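Could you build the full structure based on these sequences and the hints that come with them?
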Amino acid sequence: MLLAVLGLAAAVGLGAEDADKNPVVEEPSSKRTEDKVTITVQTVPPRKAVVKWGSKTLGVIPVPRPLVVVRPRDSGPLDLVVRAAGFLPVHTRAYTFSDSRVAIKLTPLSEKNTLFGYRQEVPPEGTASPDGGAPPPAPAPSPAPAPAPQR
Amino acid sequence: MKYAPLFAIQACLALLSGCDVRAVASLPPPQTTSSVKTATPTSKPAAPAAPVPASKSPATQAPAPGVVPDDDRALVIRDGQESWTSASGAARSGYTIVDLGDDWTPFIFEEHRGADGQSMPNRYRRVFLGLANDTLDEDGEPLPAGEKNYLELYGIPPSLGVLRARFLEDEKQKCHEGANLAAMEAVETTGYVAPETVVPEEKRIARMRSDLENARRKAHAQTLAELAAKNPKLEPKVKLVERRAAKKLAMTEVERRLACEGMFKHGVKHVAGIYDDAMRLAVRRFQQKHMIYEPNYLRHQTMDALARAPLSNDHEALVRVLRERVVAATGVVEDGTVDSKSGPATYTGANGQTLPVRNLVEEMTQAAVEQLGLASPEAALAFFKRHSAADFRHLRAAVHLPALPEYYGPNMDLSIVIDRGEVWYDLPWDAAGVRHAQPRKRYPSFHLYVKYKEQRIPLARWQTTIGGWRAEQASDGYEYYRYKGSDVGPRVIRNVVAGPVWIAPESTPIRTLVKPKTVNGLWQRVVNYDELGPGFLSAYGLIAGYLVVPGKGGKPDWDNGIRAHGSSEYLSMSSPEGYSHGCHRLPNHLAIRLYSFILRHRPMRILGDQPANIARQFLLDNDVFEIRVPSRGYQYVLEPPLPVDVLEGEIKGTLKKPILTYVPKPGVRYPGPPPEVPNSAEGRAGGVSSGRSAGGDDEGGAP
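The listed protein sequences correspond, in order, to chains A and B. This note's numbering puts the first residue of the first sequence at 1, with every later residue one more than the last. This note's numbering puts the first residue of the second sequence at 1, with every later residue one more than the last.
Hints in this document: simulated from the structure, not taken from any laboratory. There could be a bad hint or two in this list.
[Said to hold, decoys possible] With a straight-line Cα cutoff of 25 Å, these simulated DSS-like cross-link-like pairs (lysine-lysine) come out: (1) B:Lys517 - A:Lys105; (2) B:Lys515 - A:Lys52; (3) B:Lys517 - A:Lys56; (4) B:Lys515 - A:Lys112; (5) B:Lys203 - B:Lys172; (6) A:Lys105 - B:Lys515; (7) A:Lys52 - B:Lys517; (8) B:Lys517 - B:Lys265; (9) A:Lys56 - B:Lys515.
Quick caveat: nothing in here was measured; it's all calculated off a predicted structure.
Printed below as a string of structure tokens:
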């Protein structure tokens with residue numbers, strides 16, 4: 001694996017060993033001369049975080065610098081998991097269509113309830129009245145007749 | 001480069017006779033009065049030469065390329081002889097150039113050039129090609145060796161290179177030899193029996209058979225049929241026992257065939273004689289391979305295909321693939337769906353004659369199949385043997401097709417009417433949570449018309465969907481039901497997006513937004529981008545038109561989130577339980593035909609890829625999942641927009657207006673009263689939920 005430092009960033013190059021996985025179908029866009037893209041991964045707030053792509057560890061974000069991953073252009077997306085101590089793990093995706101920056105918002109474990117999808121606790125039995133399944137009252141009939149079909 | 005001597009001589013003779021090969025002097029002009037529009041790829045790489053063994057007879061040889069420039073070469077077949085001709089010259093002479101190359105995509109995924117000459121790349125084009133060529137998976141990642149994408153049902157036909165391999169492979173295999181076809185043909189359908197009930201059911205039938213045998217002996221009957229004739233009361237039992245015996249025989253044949261074709265998934269165990277999950281998956285794979293629009297059980301069309309020889313099925317696949325190529329080359333859409341029992345629809349031509357609305361899709365396809373010498377499985381196999389895999393990378397063929405009707409032109413006065421059919425607003429369950437049927441005899445339908453000489457001529461009519469009761473995630477993190485209807489009244493389609501991305505609103509049930517996937521060797525949960533797109537499983541399918549009320553006085557269009565789009569939920573358009581979230585779905589291949597037709601026969605502007613850079617997080621268990629959407633798709637703008645009229649249909653049941661609030665799910669306890677219903681445009685169109693696994697046969701808004 002090619003490991004290089006691009007500027008101030010840690011760069012992980014995966015292009016060479018994965019080049020053979022490119023599709024065999026030729027198309028005009030494959031003739032582009034720039035055949036690599038760089039994906040810059042960082043966290044908000046900046047934290048030292050391990051970035052994994054499946055079973056492979058791409059690297060650790062060397063805060064305050066981002067992690068830079070080099071991939072063959074248009075070689076398919078990367079499903080990444082970013083783990084930082086004290087924060088919830090984040091599953092995200094990076095694309096290889098063009099150079100991109102992936103800024104991942106980290107949520108502290110204690111602020112889990114601020115995220116969409118957090119489920120409110122159901123009150124103990126007998127204290128809540130919501131009754132699933134009871135249809136709401138039917139809306140009052142419209143004073144105007146329903147519009148006639150237009151043909 | 002080695003060429004067959006005969007073709008080299010033919011080429012030399014052509015040159016000696018002074019003919020200009022670029023002008024296709026060797027081709028007679030077609031017998032048409034109007035020229036057929038050709039699809040000319042703008043930037044295809046040069047085709048490689050096809051080496052031909054010199055020992056083959058002329059009738060089985062591939063033509064020698066080389067006389068016509070590689071990038072202007074088209075295959076033409078005359079009197080059974082293949083030769084190369086100039087594609088541009090043939091097109092000028094009225095021939096249609098049909099792209100048979102492995103690098104073909106429908107018009108909507110072609111890479112166009114802007115006014116400045118710069119290429120406008122389409123993100124999904126590479127994935128479409130990879131899927132059609134069995135080299136990539138739906139994420140655009142390499143497909144494991146030997147894996148196949150069977151995606152015709154989802155709008156991605158296999159390339160001819162893939163079909164060639166299928167023909168050559170199936171020629172060798174013996175799946176059809178010794179098959180008990182009578183056993184399969186004796187059974188029209190085989191219903192589902194849950195695995196846990198198979199043994200008790202078999203015991204029940206065995207007992208019944210034993211009782212009947214005892215009765216037969218007592219009655220001195222030779223057969224059970226004779227027993228039934230003597231004692232009509234026993235006839236239903238006799239029929240049941242005989243039907244089960246026939247099904248068992250058929251099942252054995254089906255298992256044999258599916259195993260021979262490699263349809264059973266590796267690692268999923270199948271118990272012989274039981275329609276278990278392994279069997280269902282194998283049947284589904286078989287249906288996907290052969291583009292059979294049926295639930296994942298042994299129904300009529302599936303049984304027919306199982307009883308056919310593999311090469312016959314391959315030939316049907318070839319005709320389907322050619323159909324899409326011919327449709328793309330000619331830009332036609334009329335497929336016979338506007339025919340009625342009394343025959344085709346008609347219109348009055350310029351000369352006052354009454355003319356039928358022709359089934360151009362079939363006319364053109366059959367003409368191409370005949371001219372290319374592909375009318376039988378044997379002829380198709382010979383064609384694929386004559387040509388190497390490399391031939392198909394950029395292969396084009398010149399064919400002479402019937403003339404287009406007089407109402408065709410570059411600016412057709414097209415319009416769409418969507419009839420909602422029979423509509424139910426009532427809750428499909430009662431206070432006790434018991435579900436009630438809401439039958440429909442008239443399903444929603446999608447109609448395409450052209451106005452010509454003051455007549456509205458129907459071109460196509462397809463079944464579609466309207467919205468209904470759907471599960472939605474509310475802001476309290478719980479799921480409720482919500483009626484997601486389809487708007488009524490005049491609208492327009494201004495924007496058409498190829499490879500559209502559905503931005504999942506926060507009301508999308510979170511369970512549908514995550515899926516398991518092997519990532520770089522590790523089985524893990526990921527965001528379900530299948531549903532977001534771009535892709536054939538996207539909630540918006542492979543292409544979508546956005547229905548809006550046009551803004552007046554400089555105001556923007558009003559978008560209520562209703563789209564007319566392709567869908568992987570291919571059974572939802574014909575299922576009694578098939579409802580959308582308000583959108584009008586079409587099978588992907590029909591949506592591609594529709595919008596390709598519209599874009600090619602209406603003034604339009606290409607905006608190209610629409611970068612988005614959208615990120616949204618949600619929590620599932622103790623993990624945060626982040627949806628990242630880099631683009632909304634590849635956009636075309638119709639100028640002027642296309643008129644759409646959505647008819648109200650017939651309201652069934654008690655309620656004449658839809659309920660607009662959340663309705664709690666039966667049997668679920670909630671932390672409080674239902675939250676407010678959100679009303680963003682994106683929130684209207686929901687995901688497909690069941691996706692590729694079911695084709696939509698389990699799709700239903702109600703519990």
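The hints, checked one at a time:
no.	hint	in the structure
1	B:Lys517 - A:Lys105	holds (23 Å)
2	B:Lys515 - A:Lys52	holds (18 Å)
3	B:Lys517 - A:Lys56	holds (15 Å)
4	B:Lys515 - A:Lys112	holds (21 Å)
5	B:Lys203 - B:Lys172	violated (41 Å)
6	A:Lys105 - B:Lys515	holds (22 Å)
7	A:Lys52 - B:Lys517	holds (15 Å)
8	B:Lys517 - B:Lys265	holds (17 Å)
9	A:Lys56 - B:Lys515	holds (20 Å)
When each numbered hint is compared with the structure, a violation occurs for hint 5 only.
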